[in-house]
Amino acid sequence: MSKGKYIHFDTLVSAKTGDIVAIQDILNQFRGYIISRSLRTAYRPDGSLYQYIDTDVQHKMETDLIEAIYKFEIR
Numbered sequence: 001m002s003k004g005k006y007i008h009f010d011t012l013v014s015a016k017t018g019d020i021v022a023i024q025d026i027l028n029q030f031r032g033y034i035i036s037r038s039l040r041t042a043y044r045p046d047g048s049l050y051q052y053i054d055t056d057v058q059h060k061m062e063t064d065l066i067e068a069i070y071k072f073e074i075r
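Per this note's numbering, the sequence shown runs over residues 1 to 75.
Mixed in with the good hints there might be a few duds.
Claimed, not checked - What follows is a list of derived Cβ distance ranges for each label pair:
#1 Glu67 / Ile35: 13 to 21 Å
#2 Tyr6 / Ile53: 21 to 29 Å
#3 Lys16 / Leu49: 37 to 45 Å
#4 Asp25 / Arg75: 17 to 25 Å
#5 Thr41 / Asp19: 36 to 44 Å
#6 Phe9 / Ala42: 18 to 26 Å
Said to hold, decoys possible - Capping the alpha-carbon separation at 27 Å, the derived lysine-lysine pairs in DSS-like fashion look like this:
#7 Lys16 / Lys60
#8 Lys5 / Lys60
#9 Lys71 / Lys60
#10 Lys16 / Lys71
#11 Lys71 / Lys5
#12 Lys5 / Lys16
In short, the hints are calculated from the structure, not lab data. Ideal Cβ placement from N, Cα and C applies to all residues, glycine included.
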């Protein structure tokens, strides 16, 4: 998520009520952060390094974000 990007209130309210498009919008805003935190470095058999996305970590972070959306209290 880049600086200056905020989630619109209407999007948050819609996501909290289960709107799939709104939830996807929020996930898309956090996608860069989630992927950057899901990157892992490993060695190939020849000894060179490579990076890959740990999909278990990625899915866990996405699930945690969705749960946080539902738990978020709007006052």
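Going down the list of hints, with the structure as the test:
1. Glu67 / Ile35: 13 to 21 Å: The hint (13 to 21 Å, Cβ to Cβ) holds, given that Glu67 and Ile35 are roughly 19 Å apart.
2. Tyr6 / Ile53: 21 to 29 Å: With Cβ atoms ~26 Å apart, the hint holds.
3. Lys16 / Leu49: 37 to 45 Å: 42 Å, holds
4. Asp25 / Arg75: 17 to 25 Å: 22 Å, holds
5. Thr41 / Asp19: 36 to 44 Å: 37 Å, holds
6. Phe9 / Ala42: 18 to 26 Å: Violated, at about 42 Å.
7. Lys16 / Lys60: 19 Å, holds
8. Lys5 / Lys60: Measuring from Cα to Cα gives roughly 23 Å; hence the hint holds.
9. Lys71 / Lys60: Distance of about 16 Å is within 27 Å: holds.
10. Lys16 / Lys71: Roughly 8 Å separates the two Cα atoms, so the pair holds.
11. Lys71 / Lys5: 22 Å, holds
12. Lys5 / Lys16: With a Cα-Cα distance of about 19 Å, the restraint between Lys5 and Lys16 holds, given a limit of 27 Å.
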